[in-house]
Amino acid sequence: MSDLLQLAANQCRSSLTFCNARSFGSWREMSLGEALTLRARSLLEISAGKPCHVEAAEPPGLATFWAIPREEGGREGGKAGPSSGLASLPPLWHRRHGALSLAIMDYQASASWAAERMQSYRKDPDGWRSCKRTNEVAISWRPSTEFRGNLYKAEGIIPAKTEDVFKCLRPETGGLREKWDQNVKEVAVIEKINENVCITRTTTPSAFMKIISPREFLDVVLIRHDEDGTIASVATHVDHPLCPAQPNYVRGLNYPCGCICIPAPGEPNKTQLLSFFQTDLGGNLPQTVVESFFPSSITGFYSGLAKAVVYSTS
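Heads up: the sequence shown at position 105 corresponds to 105 in full-length UniProt numbering, and the numbers run straight through without jumps.
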């Protein structure tokens, strides 16, 4: 029970408004102590597999469950929570139709979904329009199917081994990315789900002559190693109870995006870097600013990475 209370405490750090599960239409203020107790008890019901009233899942990666113990009014025959380990799925309370609900973000499912989307972008040759080309990278774009913005594809060759390139891209607290990427101020791993999946918070400085104010991004990141030596880092935006939006930052949203480091055939000291970017910067930025920013930012990303890899291996 103490572990459940600790898990509950991580989520309930202030007095919140919840629904009284015994009288479905009634709302009342609940003290922190009550919130902790109710949360822990509900978690215990679910983890023990007791009958609960459970309703359906929602968009990719977000599984929403109305978890009400049977003795508190839940219907007969309801299933308990998801089968995956409760400890790795941070629960969030929220309100839905006057019932106490428990939303569980399945981060692994979100990461897998993002990887599938990335693979579909990679395989689909249709609709790409060239927008910028340098000696290091060729950039193209097409309208995103995920949000009202653009999906950018970048392709280039980095003169280094695949493992060395990925070292500079690896999402880790205080890692190399902070040192070479001019568009990254700080990267912090908020939670490690398993050896391949983690939650990261990335902050960026002001950009584009300070027209774009500092941003923060909260993502689930999947790292995948393939048998042919390819290393991919895939991400998409999520919420996390331990990382609410911070003052002085605009919360941006990354839709399925990432980098795929592919060993160049016959050239072990070269890596083909295929990247996809699709970001909602948030705020009220003019579309012309957004469309001008990304090609320039991606060019700087490839240039900075190439220099960083050479420096880190010299």
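What the hints contain is simulated information worked out from the structure, not anything from laboratory work. None of the values given here were measured: they were computed from a predicted structure. Note that the Cβ used here is the ideal one computed from N, Cα and C, for glycine as well. Treat the hints with caution; some may be incorrect.
Computed list of lysine-lysine pairs in DSS-like fashion (alpha-carbon distance at most 25 angstroms, straight line) [what the hints assert, rightly or not]:
{"hint": "1", "residue 1": "K192", "residue 2": "K210"}
{"hint": "2", "residue 1": "K153", "residue 2": "K192"}
{"hint": "3", "residue 1": "K161", "residue 2": "K307"}
{"hint": "4", "residue 1": "K123", "residue 2": "K192"}
{"hint": "5", "residue 1": "K210", "residue 2": "K185"}
{"hint": "6", "residue 1": "K210", "residue 2": "K123"}
{"hint": "7", "residue 1": "K185", "residue 2": "K167"}
{"hint": "8", "residue 1": "K167", "residue 2": "K179"}
{"hint": "9", "residue 1": "K153", "residue 2": "K270"}
{"hint": "10", "residue 1": "K179", "residue 2": "K270"}
{"hint": "11", "residue 1": "K153", "residue 2": "K185"}
{"hint": "12", "residue 1": "K307", "residue 2": "K192"}
Derived CB-CB ranges, DEER-like [claimed, not checked]:
{"hint": "13", "residue 1": "S314", "residue 2": "R148", "range": "36 to 46 angstroms"}
{"hint": "14", "residue 1": "A264", "residue 2": "S312", "range": "30 to 40 angstroms"}
{"hint": "15", "residue 1": "G175", "residue 2": "G300", "range": "15 to 25 angstroms"}
{"hint": "16", "residue 1": "Q287", "residue 2": "T313", "range": "24 to 34 angstroms"}
{"hint": "17", "residue 1": "A245", "residue 2": "H225", "range": "25 to 35 angstroms"}
{"hint": "18", "residue 1": "K123", "residue 2": "N196", "range": "32 to 42 angstroms"}
Here is what the structure says about each hint:
Note on K192 and K210: the hinted pairing is violated, with a Cα-Cα distance of about 33 angstroms set against a maximum of 25 angstroms. Taken as a hint, the K153 and K192 pair is broken in the structure, with Cα atoms around 28 angstroms apart against an allowance of 25 angstroms. Taking the CA atoms of K161 and K307, the gap is about 14 angstroms. The hint holds against a cut of 25 angstroms. A distance of roughly 30 angstroms separates the Cα atoms of K123 and K192; the hinted pair therefore is violated under the 25 angstroms criterion.
About 14 angstroms separates the Cα atoms of K210 and K185, which keeps this hinted pair within 25 angstroms; it holds. The suggested pairing of K210 with K123 is violated, with an alpha-carbon distance near 36 angstroms, which exceeds 25 angstroms. Between K185 and K167 the alpha-carbon distance is near 18 angstroms, which keeps this suggested pair within the 25 angstroms criterion. The straight-line distance between the Cα atoms of K167 and K179 is roughly 12 angstroms, inside the 25 angstroms bound, and the hint therefore holds.
With a C-alpha separation of about 20 angstroms, the suggested pairing of K153 with K270 holds against the 25 angstroms cut-off. Note on K179 and K270: the hinted pairing holds, with a Cα-Cα distance of about 22 angstroms set against a maximum of 25 angstroms. Distance hint between K153 and K185 is fulfilled; the C-alpha atoms sit about 23 angstroms from each other, no more than 25 angstroms. Distance hint between K307 and K192 is unfulfilled; the C-alpha atoms sit about 29 angstroms from each other, more than 25 angstroms.
For the hinted restraint 36 to 46 angstroms between S314 and R148, the CB-CB distance of approximately 44 angstroms keeps it satisfied. Range check, A264 to S312: about 19 angstroms between beta-carbon atoms, so the 30 to 40 angstroms window is missed. Distance hint check for G175 and G300: the Cβ-Cβ separation is about 18 angstroms, which falls inside the suggested range of 15 to 25 angstroms. Look at Q287 against T313: about 40 angstroms separates their beta carbons, and that is not inside 24 to 34 angstroms.
Evaluation of the 25 to 35 angstroms hint for A245 and H225 yields a pass: the beta carbon distance comes to about 33 angstroms. For K123 paired with N196, a C-beta distance near 22 angstroms fails the hint of 32 to 42 angstroms.
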